[in-house]
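Number of protein chains: 2
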Amino acid sequence: MPMPASVQQGSGQLQITPSFSVAVTGARESSLDSGVQRFTKQLSSITGIPFRSNTSGSPVLEVHADHGREAVQKLGEDESYELTVTDSGAKITAATPLGALHGLQTFLQLVRITPAGFAVPAVEIKDQPRFPWRGMLIDVSRHFIPIDVLKRNLDGMAAVKMNVLHWHLSDDQGFRAESKKFPKLTAMGSEGKFYTQEETRDLIAYAHDRGIRVVPEFDTPGHSRSWFVGYPELASNPGPFTVENENGTQSVTDPTREETYKFMDKFVEEMAKLFPDQYFHIGGDEVDGKFWDSNPKIQAFKEAHGMKTNQDLQAYYNQRLEKILSRHHKTMVGWDEILHPELPKDIVVQSWRGQESLAKAAQQGYRGLLSYGYYLDLMWPAARHYAIEPMSGAAANLTPEQKALILGGESAQWAEWVTPENVDSHIWPRNAAIAERLWSPQSLTDATSMYERMHAVSLQLESLGLTHNSARDRMLQRMAGTSETTALRVLADVVEPVKDYNRWDDAKGPIDFHAPLTRLIDAAYPESDTALEFADLVQRFLHSGSKDQAAEAQIRTWLMLWRNNDAKLQPLLRQSSLLEEDIPISQNLAMLGAAGLQALDYLDKGQTEPELWKAQQLAVIDQARKPVAGLLLQVTAPVQQLVEAAAGTR
Amino acid sequence: MPMPASVQQGSGQLQITPSFSVAVTGARESSLDSGVQRFTKQLSSITGIPFRSNTSGSPVLEVHADHGREAVQKLGEDESYELTVTDSGAKITAATPLGALHGLQTFLQLVRITPAGFAVPAVEIKDQPRFPWRGMLIDVSRHFIPIDVLKRNLDGMAAVKMNVLHWHLSDDQGFRAESKKFPKLTAMGSEGKFYTQEETRDLIAYAHDRGIRVVPEFDTPGHSRSWFVGYPELASNPGPFTVENENGTQSVTDPTREETYKFMDKFVEEMAKLFPDQYFHIGGDEVDGKFWDSNPKIQAFKEAHGMKTNQDLQAYYNQRLEKILSRHHKTMVGWDEILHPELPKDIVVQSWRGQESLAKAAQQGYRGLLSYGYYLDLMWPAARHYAIEPMSGAAANLTPEQKALILGGESAQWAEWVTPENVDSHIWPRNAAIAERLWSPQSLTDATSMYERMHAVSLQLESLGLTHNSARDRMLQRMAGTSETTALRVLADVVEPVKDYNRWDDAKGPIDFHAPLTRLIDAAYPESDTALEFADLVQRFLHSGSKDQAAEAQIRTWLMLWRNNDAKLQPLLRQSSLLEEDIPISQNLAMLGAAGLQALDYLDKGQTEPELWKAQQLAVIDQARKPVAGLLLQVTAPVQQLVEAAAGTR
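As you go down the protein sequences, you meet chains A and B in turn.
When the letters of the first sequence are read in order and numbered with the working numbering, they come out as residues 5 to 654.
When the letters of the second sequence are read in order and numbered with the working numbering, they come out as residues 5 to 654.
Hints listed in this document are in silico derivations from the structure and should not be mistaken for laboratory results.
Predicted model, so just to flag it, every value in this text is computed and none were measured.
Some hints could be false.
In this list, chains with the same sequence are indistinguishable; a pair is considered to hold if it fits within one copy or across any two.
Unchecked claim - Okay, derived cross-link-like pairs now, DSBU-like style, lysine-lysine, Cα gap no bigger than 30 Å in a straight line:
| no. | residue 1 | residue 2 |
| --- | --- | --- |
| 1 | Lys45 | Lys197 |
| 2 | Lys266 | Lys301 |
| 3 | Lys572 | Lys551 |
| 4 | Lys197 | Lys155 |
| 5 | Lys45 | Lys188 |
| 6 | Lys45 | Lys184 |
| 7 | Lys197 | Lys512 |
| 8 | Lys45 | Lys155 |
| 9 | Lys327 | Lys184 |
Chain A extracted, bound-state conformation (with noise of 0.2 Å):
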């Protein structure tokens, strides 16, 4: 995962034994060295085998790059490569190292163990990326995420050929890169957490090395609080100002003072140097109006230019800001709202709003990018982001010319709810169904296959390092106080949070970002298998007509450990501050296993339920249905299912 562009199965397998190794051919470069290396040491984790490094003999696996890479890498740099695998030998053939380590990912992937030990079946693949630009948004503002986390996002990334990290490293609630010239940026604006310049230069080394490019956004004028605790005479309003949003004076930039421009030419000019990439990031989403409004000098200035509107000032600003860019040889990137004719064509346009703003970029001769409908943030299924394709609705009906515009999409991992402890569980493994959107052909829509492939690739990546799976087991254990956490996690298989943006609706007043997020919530996957997996099995056993046995067995399985677990659950429950809120979920879901079993016992008599009962239990359900401590039991439908079954209304 993802799919490649054409597999072709062969006959046979290779073995891997304690003597494989690898050889590198064709053009060297420090950054395929270091990759076959780590591509070893994974082999090594996957396989358990200690290869050793003066193994003599032929090698196994030779690597073959025609030529070097760019030494900043580029945007549409070639990526495809050719796997060849045979029961004697394989082969990566790429154009550069950046295919070459595409190819490496996609060996690990196909290892598995068999009676005969671990081999990758015979294959023959040619592969090469649908979009050039497949990116991950990660924002480190709201709160702060630590390099090593920030590192193995990268390897994971990387394993599903993702090639653009987007670090989202300023908000209102934190300035993270260290600025030289403009000290009190971090000094007052990101209490104590950023990253030094060196760790920043180390961070882009390091993704560079796995062929990805780091792209920084500095969001402004909006979202952009943090500058104005140090530098308040960026501002549109007197402060003071503060990071915290509990009692932060909010404020936008003030477009109509030269100085502004002044400080962002030398603020440019210095991280332009600090980060390699062509593209800069100067995000331009959701300025807020009204603090323009109220000041009359910015109102004079509009007049005196002649502008009519907040969109026309913000125009103005990102046309100064564009020229600043340029100057310092980067190309321009922006969410929506930058686009503006007078900007020049070559700027490149972020959508977090949907395909149509996409679409009428492209019309317009602007290169964009799809994040709508890639926020990971909101909680939605794998399979919704799957169905995302960024050549549909408005851009399907676009010339071939304008589609080339499209340069691929980003996924976006906004930080108001995740720590450093969960923050992988809300990237991975959703990410890599985004992933194989970005990178396979349009024509791969199957979500069932693409589960099989995402719970394949999510146990590859835990062992790279993330923690989505294992972070889980902690966080149960501190809320219960002990790692006797079976009826804990019975219930957390089942659970999921809220969906969009009703935590935050739910919160009611400013987001306390220096709060424990500890809770249930906070632990709960986004997605449930569990719940994925009965509403399969009711699925299958209503369409057979009540007949399918292994489906019921399986079905009642699930029900009765439902029903039963609320009893040992309840005491772990009520001796935890932390657990306490989620008395009702389990009591709901208790009930929810009960009226289960209840209509299958119906469905196997033939009898109709009586309507009572029927009320009874849809009463149940309308209950089961309520998210309680921000989270949704999200096997209330297919009970529901089952129930209506039972009362012949379905």
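Based on the hints, put chain B in the right spot on chain A.
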């Protein structure tokens, strides 16, 4: 754990809130400051509360050390501390930062989740260690253990208040410490796996920060083939030598050549500077005299010097070695075999043979350490290690002065059968039981209570980064080739590796230290919690005259799980080369489950089972008792008890 010397429970509890903070008073020292930082991080990890550095208000925990600690930690430095917790605050008072660090660990172990949030119960603790030398030996020669794995084990040692890392740096299979004067030691004797001097200094500093001394061991004149690969002139017979077991010529050091002592003098001079600790371990165990017997020059030397036995020759070697150590200001430590009246009284004898030899040494005025009974590689249950008392046996009859010569003990992790992946699970949590034996009062001997505390501390150790539990999951997933390992875990939960040196004996021939250690025997915990719990249940049930229905219900649940597990597990076992060997043991478990269930049925009906049935079941049990693939089915004995009870023979 270890249990403090004196604990007085108070009333109420101290809440851990986001405004929790620590103040250090008294002597300031960097290792205490960094200890407090680690403490805060760890408390944050336990509670999930992101404590803020800039908290105002008075500190909740005060840490006070009367005076500083030695720059190089000394044997017997004051490690005592007092910890007082009330509902309004806590205070740790200690003579030195060493004691304060211990107090912080105790505080962490007291944190628990309550209905009112995280809290520490009010308590007054006065604590000091029973023995001044509480160590763990880690063998890094047989299998190299990387620095990061050693570091997390140092964290574990600090958590259970152990204070000596005995670093077994050389043995036949590898020389792991870089020598600049004798570079061929690692260049030819380590297969590239060794610690640079910089890494060594870093590890020593890391240990010092945690109140842990680092004592290096360079084993000589036996167990020293790795020295001879680069320096064959040190050996008693001609080489060539390699570190490979399969084709390695054996030898021991030649103690008759003056060049040997010149070499050792230069070597010790260099290592004495690298390792600041006062003590320096020269091994001295298991010297195979046949290499001396077969060398005519050595025979002639012995005759010329009037030596009758090879023991005399070793004693001569040790005396000269001791003078070299002494010249470089080091105190010699060695295994039992070095004990010889001509050696000065300040050396320390480490006993792998038993309390007898410890007592013998003490009677002759030598200080001693016990390692007999603390060998973690023997796969004993924690309770068995816990019952080994340094002051028992011959040592019980020593005079008070002689008893004072017994400094403590060391657990020993010999590395024939471990890799960096599974070494943690061979050490933890059992090592905590040995740590308690060496710290806590001699009167503390209740194994049941020890196990309770050990399970609690085990959870905390994982949160420190140790992988004794999580690594097993990864290994099972590798064997199974899937993350769906429920049925495999059912089997893994009731097996243990064969005990003592049976795995060696079964290996028949030299061990290949490059072979993967990826079988179920490598993943299985040395001690099965499930088997322990099941045996307890059967005891309870039978002692109740088969009347304890709650126990019976739980026994039935286990037995049914085991009886039904094989059918689920077989397909998995058959498809993996790593699991095929476990097919018979899974079948045996199913048969045990069935036998146990039938026995319960007979007991329920009050019938005595027929003789033939009993004979059949005992045959099953007999088969189940035999090791399969190096694994013992640890629930066999309790099932046998059920069968015998049903047969009326108990």
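Quiz item: What are the numbers of the hints the structure violates, in ascending order?
Solution: Every hint satisfied by this model.
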